[in-house]
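**Q** Protein chains in written order, with the UniProt record's numbering: chain A, 1 to 317; chain B, 1 to 267.
Hints in this document: simulated from the structure, not taken from any laboratory. Among these hints, one or two may not hold up.
Computed footprint of chain B on chain A; a stretch qualifies when at least three of its residues, placed anywhere within it, have a C-beta under 8 Å from a C-beta of chain B [to be verified]: (1) 78–88; (2) 158–170.
Derived pair list, reagent style EDC-like, types lysine to aspartate or glutamate, alpha-carbon separation capped at 20 Å [claimed, not checked]: (3) B:LYS107 x A:ASP120; (4) B:LYS255 x A:GLU73; (5) B:LYS97 x B:GLU156; (6) B:LYS255 x B:GLU156.
For every residue, glycine included, the Cβ atom is placed at its ideal position computed from N, Cα and C.
The primary structure of each chain is shown beneath.
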Amino acid sequence: MTTDVIPAPGGQRPSRPLAPSFPAARNTRREGWRRRAPLLPALIFTIIVTQVPFLVTIWYSLNSWNLVRPGSERFVGLANYADVFADRVFRQAALNTVAITAGCVIASMILGVALALLLDRTFVGRSVVRTLIITPFLVMPVAGALVWKTTMLDPLFGVVNAVLSPFGVGDMDWASSLPLLSVITALVWQWTPFMALLVLAGLQSQEREVIEAAQVDGASPSRIFRSMTLPHLRRYIELGVLLGAIYVVNTFDQIYIMTQGGPGTASANLPFYIYQRAFLGFDVGQAAAMGVLVVAGTIVVALFALRMLFRTFAEES
Amino acid sequence: MAARFLTTLTWFAGLLFFFPVFWMIITGFKHEGDAQTDPPSLVFTPTLDQFRTLFDAGAGPYFLNSLLAAGMSTLLVLGLAVPAAYALAIRSLPRAKDVLFFFISTKMLPVVAVIVPIYVIAGRLGVLDNVWTLVVLYTAMNLPIAVWMMRSFLMEVPREVLEAAAMDGASLVQTMRRVLLPMVAPGLAATALICLIFAWNEFFFSINVTASQAATVPVFLVGFMTSEGLFWAQMSAAATLASLPVVLAGWAAQKQLVRGLSMGAVK
Chain A
1 MTTDVIPAPG
11 GQRPSRPLAP
21 SFPAARNTRR
31 EGWRRRAPLL
41 PALIFTIIVT
51 QVPFLVTIWY
61 SLNSWNLVRP
71 GSERFVGLAN
81 YADVFADRVF
91 RQAALNTVAI
101 TAGCVIASMI
111 LGVALALLLD
121 RTFVGRSVVR
131 TLIITPFLVM
141 PVAGALVWKT
151 TMLDPLFGVV
161 NAVLSPFGVG
171 DMDWASSLPL
181 LSVITALVWQ
191 WTPFMALLVL
201 AGLQSQEREV
211 IEAAQVDGAS
221 PSRIFRSMTL
231 PHLRRYIELG
241 VLLGAIYVVN
251 TFDQIYIMTQ
261 GGPGTASANL
271 PFYIYQRAFL
281 GFDVGQAAAM
291 GVLVVAGTIV
301 VALFALRMLF
311 RTFAEES
Chain B
1 MAARFLTTLT
11 WFAGLLFFFP
21 VFWMIITGFK
31 HEGDAQTDPP
41 SLVFTPTLDQ
51 FRTLFDAGAG
61 PYFLNSLLAA
71 GMSTLLVLGL
81 AVPAAYALAI
91 RSLPRAKDVL
101 FFFISTKMLP
111 VVAVIVPIYV
121 IAGRLGVLDN
131 VWTLVVLYTA
141 MNLPIAVWMM
151 RSFLMEVPRE
161 VLEAAAMDGA
171 SLVQTMRRVL
181 LPMVAPGLAA
191 TALICLIFAW
201 NEFFFSINVT
211 ASQAATVPVF
221 LVGFMTSEGL
231 FWAQMSAAAT
241 LASLPVVLAG
251 WAAQKQLVRG
261 LSMGAVK
């Protein structure tokens with residue numbers, strides 16, 4: 001490393017200043033910074049706004065501090081973590097987070113692939129149907145959640161119960177009887193269009209000649225789908241799962257509006273539970289400890305996910 | 001026969017997904033008494049009352065705040081992301097990949113993990129309930145996506161064009177303005193659109209760091225969730241109006257949207 005002409009940013013500087021007899025080395029270094037300069041504002045901004053608050057979160061997590069009792073702040077070491085691990089609701093919220101994320105991503109991907117296959121044909125009004133399907137993804141999530149909670153799933157006046165009444169559903173109160181399913185339904189409605197468009201882009205990048213050649217050779221449609229289309233789509237499906245998961249894991253709007261995490265804590269996920277502890281319980285220390293644990297869990301998953309993403313983009317270039 | 005069946009199925013799926021939106025729109029044109037009926041009814045006398053009273057109810061400032069927060073943060077994002085993406089795509093920086101993955105890794109950092117310090121720090125700085133706080137937060141939220149997107153658009157610019165500009169003695173600013181920007185203008189528009197959409201729809205930061213002064217449209221919508229029950233027609237009118245800008249923009253730019261949301265991985 002010490003023999004490198006351009007020192008790495010933030011790396012070790014030579015202990016004595018470079019003698020004027022090495023103008024080339026100095027120019028190279030200046031050149032290095034000049035090339036790097038356009039990157040720095042964005043990098044510094046991101047570090048300050050995202051990384052610094054997280055370091056503060058770690059500090060808060062080691063303190064006991066209630067927002068409504070000024071001066072209650074004191075260092076308690078790992079006590080908050082012990083409390084969080086013993087917290088039954090935290091464990092339930094973690095399980096709910098996994099259930100909501102997995103349920104939403106898997107269901108919307110399966111529906112998305114089906115819709116993409118349906119849209120990848122020529123028929124009357126194709127662009128109209130595509131436009132209709134993309135709309136749920138564009139509707140403000142808060143607006144969509146309100147519509148689902150009220151006009152769709154309301155026990156008395158909701159459309160869903162009206163449609164299902166011939167099947168003997170009656171006055172089902174979806175949001176309190178099946179809170180997780182209700183939240184996942186609103187999420188799947190919102191995310192299926194994204195998955196469908198992504199997979200559709202994948203289908204349309206497939207080479208037609210190869211498919212036609214296979215057809216000429218007498219391969220059945222299902223054989224073509226399994227041995228050619230699906231492997232080709234794999235990259236797009238992985239990308240959709242990954243991007244969907246990044247966003248759905250942070251779901252807050254739908255839970256806040258449709259169930260408030262209830263009944264009780266039956267449908268609270270980690271973002272919503274931490275929000276409750278911080279802004280309704282004013283318990284900064286424990287909320288921070290939960291935040292740190294969520295990040296630790298995310299890093300484990302993300303290390304795996306980043307590798308997948310890296311592969312996706314490596315194939316591209 | 002099979003083709004006709006599939007077409008019918010596709011249309012049915014499309015209408016099914018669109019139905020809640022359709023219902024939201026028509027409920028906004030109902031009188032409050034027609035909005036809650038058993039069974040729900042398609043037959044009603046349309047009215048514009050709900051939309052009219054929205055602005056009497058003080059929706060204006062919320063829309064203004066959303067416009068400011070989304071617009072300003074998008075400008076700031078582009079101002080920061082375009083030079084960064086330029087450095088990453090065109091100038092072969094050492095460890096460019098690492099920097100890129102640092103950016104995207106911040107998207108994986110759950111926002112709940114930073115909301116408490118952000119709230120406390122903003123309180124100490126006296127910038128709670130301030131639209132500019134949202135501008136900063138939304139900029140941080142969208143910057144990683146924008147850097148990725150702009151980088152993938154810039155990677156497509158042929159090197160020869162840039163070399164030719166350098167040969168002609170064009171400065172960096174000149175190269176950017178005269179050569180690069182016109183070539184990546186569609187990509188720039190797609191990036192701006194995605195940033196606008198995410199900022200316009202954002203709720204979590206807004207509900208937590210704003211109160212009466214800086215609250216945005218999603219917070220206004222949530223205000224319809226009162227304990228006495230909801231005014232469905234009024235709420236639907238508000239939800240329709242809140243979603244309208246993004247829905248229209250998204251309809252107009254479907255292709256760019258997919259490309260942008262997949263961070264350039266899909267051509």
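**Q** Decide, hint by hint, whether the structure agrees.
**A** These are the hints, each one checked on the structure:
Counting residues of the region 78–88 of chain A whose beta carbon lies closer than 8 Å to any beta carbon of chain B gives 0, which falls below the threshold of three, so the coverage claim is violated. Coverage of the region 158–170 of chain A by chain B holds [criterion: at least 3 residues with CB-CB distance below 8 Å; count 4]. Restraint check: the Cα-Cα separation between LYS107 of chain B and ASP120 of chain A comes to about 32 Å, which exceeds 20 Å; the hinted pair is violated. The suggested pairing of LYS255 of chain B with GLU73 of chain A is violated, with an alpha-carbon distance near 52 Å, which exceeds 20 Å.
For the hint pairing LYS97 of chain B with GLU156 of chain B, the CA-to-CA distance comes to about 17 Å; that is within 20 Å, so the pair holds. Between LYS255 of chain B and GLU156 of chain B the CA atoms are separated by roughly 17 Å; this keeps the pair inside 20 Å, and the hint holds.
In summary, the numbered hints that this structure violates are 1, 3, 4.
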